[in-house]
Amino acid sequence: MESVEVLVAHIQGLSRSPDEVSHLHSLLKQSEDALRSHASRLAPFLSQLDPSIHTLGYLFLLEAYSSGSISGEEASGFLLTVVEFINSCSAEQIQLAPEKFISVCKSFKDQVMQLGVPMQGIAPLWMAVRKLQTSTEQLTTLHSDYLLLCLLAKCYKAGLSILDDDIFEVDHPRDHFLYCYYGGMINIGLKRFEKALACLHNVVTAPMTTLNAICVEAYKKYILVSLILNGQVPSFPKYTSSAAHRNLKNYTQPYVDLANFYASGKFSELEACIQTNQEKFLSDSNLGLVKQVLSSLYKRNIQRLTQTYLTLSLQDIANVAQLNNPKEAEMHVLQMIQDGEIFATINQKDGMVSFHEDPEQYKSCRMTEHIDFSIQRLMALSKKLSSLDDNLSCDPQYLSKVGKERQKFDFDEFDSVSHKFM
Amino acid sequence: MEGDDEAFDGAPMGNEEMFSNGGDIDDPRHTPISTLGKAGASGGGELMDVEAYASLYTGRTKVVRLLFIAKRCGNEAMQLEALRMAHDEIKKGEDTQLYHEVTARIGDRLGPQYALDQTWADIVDRRAEHRKEKLENEFNSYKTNMIKESIRMGYNDIADFYYAHGQLGDAFKNYVRTRDYCTTSKHIIQMCLNVILVSIELEQFMHVSNYVSKAEQTPEQLDPIMNSKLRCAAGLAYLETKKYKLAARKFLETGIELGNNYTDVIAPQDVAIYGGLCALASFDRTELKNKVIDNINFSNFLELVPEVRELINDFYASHYASCLEYLENLKPNLLLDIHLHDHIEMLYTEIRHKAIIQYTLPFISVELHTMAGAFKTSVAGLEKELEALITENKIQARIDSHNKILYARHADQRNATFQRVLQTGVEFERDVRAMLLRANLIKHESIMKSARKL
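Chains as they are written, first to last, in the working numbering: chain A, -18 to 403; chain B, 323 to 776.
Rather than coming from a laboratory, the hints here were simulated on the basis of the structure.
Keep in mind that the hints are not guaranteed to be accurate.
What follows is a list of derived Cβ distance ranges for each label pair [as the list claims (entries may be wrong)]: (1) B:T713 to A:K230: 25 to 31 Å; (2) A:D14 to B:F750: 51 to 57 Å; (3) A:G321 to B:D664: 45 to 51 Å; (4) A:N228 to B:E689: 26 to 32 Å; (5) A:H337 to B:H691: 22 to 28 Å; (6) B:I615 to A:N228: 57 to 63 Å.
If you want the ones that stay clear, here's a sample from chain A, every Cβ over 10 Å from chain B, calculated [unchecked claim]: (7) D14; (8) S28; (9) Q29; (10) K138; (11) I255; (12) L270.
The calculated lysine-lysine pairs, modelled on PhoX-like cross-linking and capped at a C-alpha distance of 20 Å, are [what the hints assert, rightly or not]: (13) A:K280 to A:K247; (14) B:K726 to B:K706; (15) B:K565 to B:K676; (16) B:K413 to A:K219; (17) B:K716 to B:K653; (18) A:K382 to B:K771; (19) B:K470 to B:K413; (20) A:K230 to A:K219; (21) A:K365 to B:K454; (22) A:K219 to A:K247; (23) A:K382 to B:K565; (24) A:K330 to B:K726; (25) A:K261 to A:K230; (26) A:K138 to A:K176; (27) B:K676 to B:K653; (28) A:K247 to B:K567; (29) A:K172 to A:K135; (30) B:K393 to B:K454.
Every value quoted in this text rests on a predicted model; they were computed, and no experiment measured them.
Every residue gets a Cβ at the ideal spot worked out from N, C-alpha and C, and that includes glycine.
Take these sequences, add in the hints, and give me the full structure.
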């Protein structure tokens, strides 16, 4: 116990300046095991420390505490402690020991899930993610945990703020899979199908040497979402890993069949396919999405009609789209007009629908602003791309590789790669 | 060759006992009598004149065509006529296999004269055995003498023998073997022509194209008849491989010197028909005018089959109803042609679609009733066809189903451009983001790999 007290005293004393903090850090690292052995009795010591100033020490103690088993009554106390800590800790000190912070947050998340109150964990974890990130473009392990809590609590909008950040740096590829998968699911929940497709696409095409289960599940959803959005499943792009390319279809056979039936455009066949595979869809919890795929088939058939006809009777629409009667056709068309998917007017007296062109003239202020904004964004993006390219061409490893290949050429040629890299 | 003159006359040589040829032979406007006496094969109307048709050809192709007609036509009388003629032709030759086949098909419907004459077959077979032995002996002696020319002629004779006896595979092999022993371009051309002949019958059109190009590459200038033969063969090859535009071009380039020199493959009437139909189905308007209508050379061929000339002119002058009517009338007989029968449907739909598209081009709005009248179909059927064409983006129009009018629709370029631009922007952003992410992942992987190595 004295060691702990001594440690606490150290913490309190050495938390003023960055040098002291690094000294403290090394001390703490040495006493990790000691701390862990006293895990259950650390609670009172925590109250002696102020999380905002003594963040690092607090963190170590907290981590040791949480590594031990936490009993039921202590759980809520633990939760409160962690929440308070996260809210008031200092980000710089946390950066010194990120793994500890991550493990604290993970045990926090486990506790929250165990107690069945995921919503309570959302705000603290959001704060935690923000404090852990060095820049908004970095992906941390906590991102996926945060999104998981959002999904469980069905607070999809809360996940949006994190999702809207563009991620360019990834520390551990493993986090990336979970993050993109959950991100795709949240977007599906919010019916932002294009964004969902982009997220799931990232999972499916990520570089990997062997297939993992996340990828398989993501591919199933990918098929369904691309059917809803585009009516077809695109083939794998060139950069997909060969592991994914070869094996994904084997694990997702019912979905591939579904896609084939969808492509045939026959409603009855699609329904039959869904019926036969219903348990599989249910066990993957994809049945809701599958039902959406079914209704999108109607929409697609009706949309095709807008391309060929100026006016069409409701009866003909019902025939073409394989609906049962004109009333149903009218309902569908009405729904689509309201959703903005087609532009039309229904003439109930004659039972006719007139299709119009897209009234967007691209002349309004709003449209100009939108275009301008897009241009700015894209310019920033391409600047980023070219800076990355510049960095890479200065990278010594790259230069040494290029230099080696240059040796095959004539030495008389002016060699722009300096010899020291060869 | 018997029947040569009749083919060019206006009066067909009908077999009076079998069918009645309509009396309006000389009226050129009346559909569809031609020098071949073609007519509907099933039901009323005039039947195809099998004898006149067969008289256009010689050699194996005559027999093969007759057998095909017998197989395909629905009319028993015509079938028997074709089988009878095939039988007579085969008896002149030495192919016992075909003989057996024909007699089996005839059964005993034509009387005792056409029943299986086993003695004749045996005699022929024995003769063939002897000849084969003799040829082989001669050939072996040539081989030991190592004289190129005699070896070549030896292979040629053996191949001719196999061809006469219907063993086409062996004939093909032996013709190809003469290639190594050809010394002059004449030899090469002869070899190519032989190979082409056998390949056409074996329906291996890859070889046909190969050997046509081989023959055309000889340094010596080919005489016009040879040229025409090669063009026809090339055209046939393209036709069978469904490259209709190229086939049309080849047939149109065939010179009239072809005459009756290639009747063991193709008749000049066929050149007219194949060339005309393929051109209609695949050429655009300017090409049609320049290469077909104004083509003096080809008009010589078109003289032989006036319906084809009429229908091309009708199409160009937008008389679609009569054009399509000619086509319909020609159809039953064309279905009996060994080369064209499986392409008829496709060619006809192409021509029909072209007609519809050409009809709608000059108008802003077209009433579907008048259009249906011009094409002699119902409004509903026409609507379906138009819908299919619009979906394939061949017609830029929209159908007003309520008032039954077709409105031309010209895409608004400005709006379309804006849409495309925004779409491109979105895609670019998405792809670059994904790419940067992937690059980062790969970088981490490679860092981990090198960390593991260390």
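### Query
Which earlier hints can't be squared with this structure?
4, 16, 17, 19, 21, 22, 23, 28 and 30
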